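Chemist: The primary structure of each chain is shown beneath.
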Amino acid sequence: MSTQFPVTAAPSLQDEKPTAPLMRKKRVSGASRVEHWLYLAPALIVLIALLGYPLYQLINMSLYDYRQAQVSGSAPLVFTGLENYRILMGDPEFWTVLRDTVIFASACVVLTLLVGGALAVFASRLRPWVRTVLFAVSLGAWATPAVTGSAVWLFLFDSTQGLINKVLIGVGLSGFNDFSWTYEKWTAFGLVASEVVWCSFPFVMVTLYAGIQAVPTETIEAARLDGASLPRIFYSIMLPMLRPIVIIITIQSIIWNFKVFSQIYVMTNGGGIAGQNMVLNVYSYQQAFAASLYGLGSAIGVIMTLILLVVTLVYLRLLKRNGEVL
Amino acid sequence: MTTLETSIKAPIAAPARQRTPSTKKPPKNIGVNLIGVIIAAVVAFPLYWMVLSALKPKTALDAGDSTPWTLTPSLDSFARVLSVNNFGQYFMNSLIVALSVVVLSTALAFLAAVALTRYTFKMRTKLLIIILVAQMVPIEALTIPLFFLFKGFGDAIPAIGLNHLGSLILVHMGFSIPFAIWMLRGFVAAVPIELEEAAKLDGASSFRFVRSVLFPLVAPGVVACSVFSFISTWNDFLFAKTFIISAQENSTMPMALLTFFKPDQNDWGAIMAGSVIMTIPVLIFFIAVQRKLVSGLAGAVKG
Chain A
456 MSTQFPVTAA PSLQDEKPTA PLMRKKRVSG ASRVEHWLYL APALIVLIAL LGYPLYQLIN
516 MSLYDYRQAQ VSGSAPLVFT GLENYRILMG DPEFWTVLRD TVIFASACVV LTLLVGGALA
576 VFASRLRPWV RTVLFAVSLG AWATPAVTGS AVWLFLFDST QGLINKVLIG VGLSGFNDFS
636 WTYEKWTAFG LVASEVVWCS FPFVMVTLYA GIQAVPTETI EAARLDGASL PRIFYSIMLP
696 MLRPIVIIIT IQSIIWNFKV FSQIYVMTNG GGIAGQNMVL NVYSYQQAFA ASLYGLGSAI
756 GVIMTLILLV VTLVYLRLLK RNGEVL
Chain B
227 MTTLETSIKA PIAAPARQRT PSTKKPPKNI GVNLIGVIIA AVVAFPLYWM VLSALKPKTA
287 LDAGDSTPWT LTPSLDSFAR VLSVNNFGQY FMNSLIVALS VVVLSTALAF LAAVALTRYT
347 FKMRTKLLII ILVAQMVPIE ALTIPLFFLF KGFGDAIPAI GLNHLGSLIL VHMGFSIPFA
407 IWMLRGFVAA VPIELEEAAK LDGASSFRFV RSVLFPLVAP GVVACSVFSF ISTWNDFLFA
467 KTFIISAQEN STMPMALLTF FKPDQNDWGA IMAGSVIMTI PVLIFFIAVQ RKLVSGLAGA
527 VKG
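Residue numbers (our numbering), protein chains in the order written: chain A, 456 to 781; chain B, 227 to 529.
Don't read these hints as lab results, they were simulated from the structure. Note that the structure is a prediction, hence the values are computed from the model and not measured. Among the clues, some could well be false.
A partial selection of chain A residues facing chain B, derived with a Cβ cut-off under 8 Å [said to hold, decoys possible]:
#: 1; residue: VAL489
#: 2; residue: GLU490
#: 3; residue: LEU495
#: 4; residue: LEU510
#: 5; residue: LEU569
#: 6; residue: GLN616
#: 7; residue: THR674
#: 8; residue: ALA743
#: 9; residue: SER753
Derived lysine-lysine pairs resembling DSS-like cross-links, with alpha carbons at most 27 Å apart [as the list claims (entries may be wrong)]:
#: 10; chain 1: A; residue 1: LYS640; chain 2: A; residue 2: LYS621
#: 11; chain 1: B; residue 1: LYS352; chain 2: A; residue 2: LYS714
#: 12; chain 1: B; residue 1: LYS488; chain 2: B; residue 2: LYS284
#: 13; chain 1: B; residue 1: LYS348; chain 2: A; residue 2: LYS775
#: 14; chain 1: B; residue 1: LYS467; chain 2: A; residue 2: LYS640
#: 15; chain 1: B; residue 1: LYS377; chain 2: A; residue 2: LYS714
#: 16; chain 1: A; residue 1: LYS621; chain 2: B; residue 2: LYS488
#: 17; chain 1: A; residue 1: LYS640; chain 2: B; residue 2: LYS488
#: 18; chain 1: B; residue 1: LYS467; chain 2: B; residue 2: LYS377
#: 19; chain 1: A; residue 1: LYS714; chain 2: A; residue 2: LYS640
#: 20; chain 1: A; residue 1: LYS775; chain 2: B; residue 2: LYS352
#: 21; chain 1: B; residue 1: LYS348; chain 2: B; residue 2: LYS426
#: 22; chain 1: B; residue 1: LYS467; chain 2: B; residue 2: LYS488
#: 23; chain 1: A; residue 1: LYS621; chain 2: A; residue 2: LYS714
#: 24; chain 1: B; residue 1: LYS426; chain 2: A; residue 2: LYS714
#: 25; chain 1: B; residue 1: LYS284; chain 2: A; residue 2: LYS621
Here are a few chain B residues that sit away from chain A, every Cβ distance over 10 Å (derived from the structure) [as the list claims (entries may be wrong)]:
#: 26; residue: ASN259
#: 27; residue: THR285
#: 28; residue: LEU297
#: 29; residue: THR298
#: 30; residue: SER300
#: 31; residue: ARG344
#: 32; residue: VAL359
#: 33; residue: VAL397
#: 34; residue: GLY400
#: 35; residue: ALA416
#: 36; residue: GLU423
#: 37; residue: THR485
#: 38; residue: TRP494
#: 39; residue: THR505
#: 40; residue: PHE511
Where is the CB? At the ideal position from N, CA and C, for every residue including glycine.
Take these sequences, add in the hints, and give me the full structure.
Modeler: Now the structure itself:
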């Protein structure tokens, strides 16, 4: 098929090979001196070309006045320094989007952890076949592509044909006749959050459940004999022992939920009515590709990257404190 | 730490093995189990509703029929999807992109994981941290520079430029590799060093050892990691939307699905049928490797 091609074509753009630093290393026998760099090279070249270089370009572009005219070459490219950032800082819309992103992401994280955590504890009290069923359907939710998951939830909450409205009307809440869940800002965010929680709690549940199984039974038995209640056992014994796992899933959830794009884009049709359901991600995308403000869009992207970088650094610190070795 | 690791590798969906005889005998409380079944039903419901609505005749859906079953299943919606919008072509495109990404990124990540676990060298820890951080980079933020990068690629080699599947394959390789390395690292590290020494004594070259001994041994990890690459590529909506602008014939499924969304007159039957077609391959892959999943995740974060 003509669309398939050797991907090694890309590396030709990148002629720097990171072999140099090792040459200085002594005490390494001739053959094994470069061996590991040979194994590393292909992956590193792809990563430099497709992650490193674009990241550099993102920062670079955010410092220019880069719009449609500059892309087509009809206007000169002007270095404007931090002008794009200044525009953003003075734009109330940016602050609204930032605030909404934090609220939306936090809500998703908290709900995902609560639902996943509660079900992980609950699952250990179930009969094996019930638990197998619960895990199987949860894996189904987890595996569902974001776009199709969004489509199904949108259908369930459709104003006229959706099942949810019909059921609500059926139980006597006539106010839901033709009620549009995507019209109001926070019902729309709520709807998206429900879908996000639905497809991301299984990760938390499965990981935590595996962790709970690893907690020594003797400890729990002892606590139970001492008369500790189930929530007490959870908070005072399991949670401290599960700390490393809890940190990992929390940080992962923060990172994932901060980056939600498809669900917002599909369910609110590109950011909601008059952009009321924008999160940073969608905002950056729309500024760049809908408004052709590539410089401004890049600046938003940089801000987002910085926020996630801080989260990641916290993650690394916590891992280190837990004595993880890299 | 070791106990945590070993038990985390136990299959998740069949935890009732006699691994720890004294433990957690499931209480015979019917109420608790009933709630468990109800929760499972709630979680499964959106997927059930998707399949059901795809099978309902269009007339029933349009009439607002919301009975939770159908006595007259029809494949009309599937026929509509496949004929009207060239869904078959999009399905193939998605498959080509996803499978290419799986093969290429897993191969490169495996080799990199070997270098990062079985060799000690100065930059090792630094590289590992860089790779971990690379995972966190919001790929959506990189869409803008990547768009221009691939525009440039296209001027040189059209096959990897915008509007071609090559651009999607490359871009997803970039995003799959960091996680794949991180995940495979745990599996590669678990292979005892004695095996390598034995292979060396038998005169095998390093590459021979990696290919004929190491690779088969870490195959489970490779499978799990492939599934992750497959799913993230298969599900991609952002890059398909950004990169495939004018060449409709090179579009992928998420984009095709969106063409059914029309303000106020959505053809829900077709949307659900398209969703079913798109979800099934992922579901099959997921179920096939779900046992490896948790151990893979554990390997990815510990190792």
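Chemist: Against this structure, judge whether each hint is valid.
Modeler: Taking the hints in turn, this is what the structure says about them:
1. VAL489: violated, 10 Å
2. GLU490: Holds, because the Cβ-Cβ distance from A:GLU490 to chain B comes to roughly 6 Å (cut-off 8 Å).
3. LEU495: holds, 4 Å
4. LEU510: holds, 6 Å
5. LEU569: Interface hint status for A:LEU569: violated (14 Å vs cutoff 8 Å).
6. GLN616: holds, 6 Å
7. THR674: violated, 11 Å
8. ALA743: Holds. Min distance 5 Å.
9. SER753: holds, 5 Å
10. A:LYS640 x A:LYS621: holds, 22 Å
11. B:LYS352 x A:LYS714: holds, 25 Å
12. B:LYS488 x B:LYS284: At roughly 16 Å apart (the allowed maximum being 27 Å), B:LYS284 and B:LYS488 satisfy the hint.
13. B:LYS348 x A:LYS775: Roughly 19 Å between the alpha carbons, so the hint for B:LYS348 and A:LYS775 holds.
14. B:LYS467 x A:LYS640: holds, 25 Å
15. B:LYS377 x A:LYS714: holds, 25 Å
16. A:LYS621 x B:LYS488: Given that 27 Å is the threshold and the Cα spacing comes to 21 Å, the pair holds.
17. A:LYS640 x B:LYS488: Roughly 21 Å between the alpha carbons, so the hint for A:LYS640 and B:LYS488 holds.
18. B:LYS467 x B:LYS377: Since the Cα atoms of B:LYS467 and B:LYS377 sit roughly 15 Å apart, the hinted pair holds (cutoff 27 Å).
19. A:LYS714 x A:LYS640: holds, 19 Å
20. A:LYS775 x B:LYS352: holds, 14 Å
21. B:LYS348 x B:LYS426: Holds, at roughly 24 Å.
22. B:LYS467 x B:LYS488: Satisfied, since the Cα-Cα distance of roughly 17 Å is no more than 27 Å.
23. A:LYS621 x A:LYS714: violated, 33 Å
24. B:LYS426 x A:LYS714: violated, 46 Å
25. B:LYS284 x A:LYS621: It holds: about 18 Å lies between the C-alpha atoms, which stays within 27 Å.
26. ASN259: violated, 5 Å
27. THR285: At about 13 Å from chain A, B:THR285 clears the 10 Å cut-off, so the statement holds.
28. LEU297: At roughly 18 Å from the nearest Cβ of chain A, B:LEU297 sits farther out than 10 Å, so the non-interface label holds.
29. THR298: holds, 18 Å
30. SER300: Non-interface label on B:SER300 holds, nearest chain A Cβ at 17 Å vs cutoff 10 Å.
31. ARG344: At roughly 8 Å from the nearest Cβ of chain A, B:ARG344 sits no farther out than 10 Å, so the non-interface label is violated.
32. VAL359: violated, 6 Å
33. VAL397: violated, 6 Å
34. GLY400: B:GLY400 not clear of chain A: closest Cβ-Cβ about 3 Å, inside 10 Å.
35. ALA416: At roughly 15 Å from the nearest Cβ of chain A, B:ALA416 sits farther out than 10 Å, so the non-interface label holds.
36. GLU423: holds, 14 Å
37. THR485: Non-interface label on B:THR485 holds, nearest chain A Cβ at 12 Å vs cutoff 10 Å.
38. TRP494: violated, 5 Å
39. THR505: Label violated. Min Cβ-Cβ 5 Å, cutoff 10 Å.
40. PHE511: Violated, because the least Cβ-Cβ distance between B:PHE511 and chain A comes to about 8 Å, which does not exceed 10 Å.
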